[in-house]
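*Asks:* Protein chains in written order, with our numbering: chain A, 1 to 441; chain B, 442 to 882.
Be aware that one or more of the hints could be misleading.
As the list claims (entries may be wrong) - Label pairs and their computed distance ranges (CB to CB): (1) P498(B) <-> H380(A): 55 to 65 Å; (2) P6(A) <-> D784(B): 22 to 32 Å; (3) G616(B) <-> K4(A): 52 to 62 Å; (4) R389(A) <-> E664(B): 56 to 66 Å; (5) L831(B) <-> N27(A): 34 to 44 Å; (6) G189(A) <-> M873(B): 36 to 46 Å; (7) G288(A) <-> R449(B): 42 to 52 Å; (8) G245(A) <-> A475(B): 39 to 49 Å; (9) R449(B) <-> G189(A): 49 to 59 Å; (10) G189(A) <-> K829(B): 33 to 43 Å; (11) G616(B) <-> E55(A): 57 to 67 Å; (12) V26(A) <-> A475(B): 36 to 46 Å; (13) S618(B) <-> G245(A): 30 to 40 Å; (14) V26(A) <-> M873(B): 39 to 49 Å.
Simulated from the structure, these hints should not be mistaken for lab results. The structure presented is a predicted model; accordingly, all values stated were derived computationally and were not measured. Virtual Cβ for every residue (Gly too), placed ideally from N, Cα, C.
Protein chains: 2
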Amino acid sequence: MREKKPLRVALAGCGTVGSGVGEIIVNRAGELAARTGVRFEVGCVLVSDVTRKREVPFPAEVFTDDPQALLASEYDLLVEVIGGTDIARTVVLEALAAGKPVVTANKALLALHGAEVYAAARAGGTCVAFEASCAGGLPIIGPLLRGLQANRVRSIMGIFNSTCNFVLTSMLDGGMSYGDAVQEAQRLGYAEADPTLDVSGGDTAHKLCVLASLALGSNIEYERIARRGIDRLQLTDLRIAREMGYSCKLVGIGRRLTPAPTGQPQQLYLAVRPTLIHCDHLLAGLSGTRSGVLVDGDVVGETFYSGSGAGSLPTASAVVADMIEVATGSAQATFNQLCVYNDCTPPADYVDPEEAEDSYYVRFSFAPHRRADMLADVDHAWRDNPVKRLQTHVSRDDHVVVAITAPVKPKLLGAAVRSVAGHLQLSDEPVMLPVLEARGS
Amino acid sequence: MREKKPLRVALAGCGTVGSGVGEIIVNRAGELAARTGVRFEVGCVLVSDVTRKREVPFPAEVFTDDPQALLASEYDLLVEVIGGTDIARTVVLEALAAGKPVVTANKALLALHGAEVYAAARAGGTCVAFEASCAGGLPIIGPLLRGLQANRVRSIMGIFNSTCNFVLTSMLDGGMSYGDAVQEAQRLGYAEADPTLDVSGGDTAHKLCVLASLALGSNIEYERIARRGIDRLQLTDLRIAREMGYSCKLVGIGRRLTPAPTGQPQQLYLAVRPTLIHCDHLLAGLSGTRSGVLVDGDVVGETFYSGSGAGSLPTASAVVADMIEVATGSAQATFNQLCVYNDCTPPADYVDPEEAEDSYYVRFSFAPHRRADMLADVDHAWRDNPVKRLQTHVSRDDHVVVAITAPVKPKLLGAAVRSVAGHLQLSDEPVMLPVLEARGS
Chain A
1 MREKKPLRVA
11 LAGCGTVGSG
21 VGEIIVNRAG
31 ELAARTGVRF
41 EVGCVLVSDV
51 TRKREVPFPA
61 EVFTDDPQAL
71 LASEYDLLVE
81 VIGGTDIART
91 VVLEALAAGK
101 PVVTANKALL
111 ALHGAEVYAA
121 ARAGGTCVAF
131 EASCAGGLPI
141 IGPLLRGLQA
151 NRVRSIMGIF
161 NSTCNFVLTS
171 MLDGGMSYGD
181 AVQEAQRLGY
191 AEADPTLDVS
201 GGDTAHKLCV
211 LASLALGSNI
221 EYERIARRGI
231 DRLQLTDLRI
241 AREMGYSCKL
251 VGIGRRLTPA
261 PTGQPQQLYL
271 AVRPTLIHCD
281 HLLAGLSGTR
291 SGVLVDGDVV
301 GETFYSGSGA
311 GSLPTASAVV
321 ADMIEVATGS
331 AQATFNQLCV
341 YNDCTPPADY
351 VDPEEAEDSY
361 YVRFSFAPHR
371 RADMLADVDH
381 AWRDNPVKRL
391 QTHVSRDDHV
401 VVAITAPVKP
411 KLLGAAVRSV
421 AGHLQLSDEP
431 VMLPVLEARG
441 S
Chain B
442 MREKKPLRVA
452 LAGCGTVGSG
462 VGEIIVNRAG
472 ELAARTGVRF
482 EVGCVLVSDV
492 TRKREVPFPA
502 EVFTDDPQAL
512 LASEYDLLVE
522 VIGGTDIART
532 VVLEALAAGK
542 PVVTANKALL
552 ALHGAEVYAA
562 ARAGGTCVAF
572 EASCAGGLPI
582 IGPLLRGLQA
592 NRVRSIMGIF
602 NSTCNFVLTS
612 MLDGGMSYGD
622 AVQEAQRLGY
632 AEADPTLDVS
642 GGDTAHKLCV
652 LASLALGSNI
662 EYERIARRGI
672 DRLQLTDLRI
682 AREMGYSCKL
692 VGIGRRLTPA
702 PTGQPQQLYL
712 AVRPTLIHCD
722 HLLAGLSGTR
732 SGVLVDGDVV
742 GETFYSGSGA
752 GSLPTASAVV
762 ADMIEVATGS
772 AQATFNQLCV
782 YNDCTPPADY
792 VDPEEAEDSY
802 YVRFSFAPHR
812 RADMLADVDH
822 AWRDNPVKRL
832 QTHVSRDDHV
842 VVAITAPVKP
852 KLLGAAVRSV
862 AGHLQLSDEP
872 VMLPVLEARG
882 S
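Start from the sequences and build out the full structure, keeping to the hints where you can.
*Replies:* Below, the structure written as structure tokens:
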């Protein structure tokens, strides 16, 4: 018998994503039932203010502002779309302890308390599904858990935060300063009133933590991810990068550093930082609110996934997909069997970020009256320097000289750039940004 | 207990993909078992010539050239990587009838006999998994079955045949004729000795049939897919397209034609044909042996998937992923519950390809001595024509004039072009190719 009895849903949160979930499961209930054999009944919805008017297709009596009332209601599946690690953590852990499966879109919860959440699901004999946590509606958890499971993943990198991507695209296309672009993003609803978590790289690091833990089979601590945001980027560097064939994006990257001896864990490099991406690289094409992930598996090679970013319905698309997975039993089967979740993987072995080699963009700025000589000055100051330059670019209008270096460890680069700068009369501190060449194209 | 007892595998076929499967499951048995709790034991391997030397890690006694011996062996899972619809069909159907799950990489079998195969799995109380059938190692079946399940898919399109893509890239980058590029692809092992199935569009149509059936929820007949190959393409058009900002690829496309009244099935447009793709479209960036798929879902919007194409290990990556899915029980749970397979979906309602509107590239070729007047001649001949031109491009070196039309039905276009050509002294028949503008970027 394909048609199952309706699954009673306790919905924790009814903001942007929650109302999208409601819209999908109510308005296309018949279509979903025909295709998947599953019907959902929302019996209780947790909100912070029950008196607020909402454009969601739920009857008034299902709303509560009491987490314990939600947990005491009759339900088969908890859907958590509150966000944060406070009430969300409580309701998720209590539902799991009661043996109820959980679908969550909460990257912060999984990044900061993943092992605890997975262990609670294990102890409760149930499961947790979280396709919606990392890339809006783009399916990326599924491919990592399933389609790529024959691979040892060598690296995973991506553009995970559509707010940052929108701000960077606006700066460059609109010739705006960082501050103006953030205001524009807020005006259009792409950035929160307090955009700190996005622009500082925190949100990207949450998502990287969840994805890299699964992909690299290690229990990665969020705090160990090196993190730099976009808030100090200057339009000048975005423009010059484009002249040189690169685009600047906030990239999260997790990679195994060196081939490890058999049986030895490999050291992991984990970082979130503004990065110049060569225009032939797959990630370079992701503009505006698009996000994307590039996974390098040792058997399959590079596979790439991209989508049009977050928002109510795209993220709800992934939440509902997980709800169906829970209903079919597929989510439970996968959760039981795979040893890729933080509660059963070994602690990650981290490489010191100072030891990880990358190419770098280095910009030297001169006072306008010095621009005639500046290339000769840089060439002279750089001579005998152990860090090799791959190319040098001069922009007389901006009175800057830019070098792209060969791959180098940050501490060597820092010393080299200080040494070069010591011989120059610069108008400003040198700017250094890591570079991703076109390998991933 | 996570560690399951070993799954005994009957492997039908030990060519390119089969030997890749053997390499993965033997050489990384310990790693797979640690991560997935699954061990595979290959007990019997069906090959056409048991005396041939093979670079695979199986003992000599497992090989047989008798399909009945394979089916009579003790196994828990049949892996079919023979290809074709002859022996492959027999062993798949017999294994399913015996209640054994099947993992297959065989797009031809599923395109031509999908409903029969799925029904056999249903009757046998087992399942069939086929992630490897459509895009090498790139997970695309998984996202369609799972991550995108909350969506009504509006269209699915992609570049599914790496041989064709390699030939087209070689023609353009190497300035080769079609024939020379095919020979080059054969020399490098990217094309079969008989490349007909690839270059005629047949292989692309097989894959489109499988993917579009799942994505659009209809039982699509392979024979109803309009099909045109790359074998009559000329280097001239590839070059001129590039000058105009387009690249030429063999594209498979399935889309719903019009919004249907509630409860009514929507007509489907299904075609495989050489297509000019605007350089800002996501599919345009797929060069060489890369393949990719663009899925437009009504909730999530456009999601895009790409990978580095077929070959032994990439395709084996997807086969082994499916073997793990069968072992965890996830494949069975999904197969039981979703009504998206050809044995339980309604027959597709096809639109007449002549009724589907597209923009077109139309090339008029002139004798060299006429090239001074050719633009004025085309403008004059086109005046009063009901088909609108969006742009017109002149290449005096090639003595051609190219028009890109507004969206138009093929039968109207054909009449319009014949009428224009009737007023011109052309050196050759006009060339017409459909155009994909940058919507998908």
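*Asks:* Next step is simple, just say for each hint if it's right about the structure.
*Replies:* Quick rundown of the hints versus the structure:
no., hint, verdict
1, P498(B) <-> H380(A): 55 to 65 Å, "holds (59 Å)"
2, P6(A) <-> D784(B): 22 to 32 Å, "holds (26 Å)"
3, G616(B) <-> K4(A): 52 to 62 Å, "holds (60 Å)"
4, R389(A) <-> E664(B): 56 to 66 Å, "holds (60 Å)"
5, L831(B) <-> N27(A): 34 to 44 Å, "holds (37 Å)"
6, G189(A) <-> M873(B): 36 to 46 Å, "holds (44 Å)"
7, G288(A) <-> R449(B): 42 to 52 Å, "holds (51 Å)"
8, G245(A) <-> A475(B): 39 to 49 Å, "holds (43 Å)"
9, R449(B) <-> G189(A): 49 to 59 Å, "holds (56 Å)"
10, G189(A) <-> K829(B): 33 to 43 Å, "holds (37 Å)"
11, G616(B) <-> E55(A): 57 to 67 Å, "holds (59 Å)"
12, V26(A) <-> A475(B): 36 to 46 Å, "holds (43 Å)"
13, S618(B) <-> G245(A): 30 to 40 Å, "holds (32 Å)"
14, V26(A) <-> M873(B): 39 to 49 Å, "holds (47 Å)"
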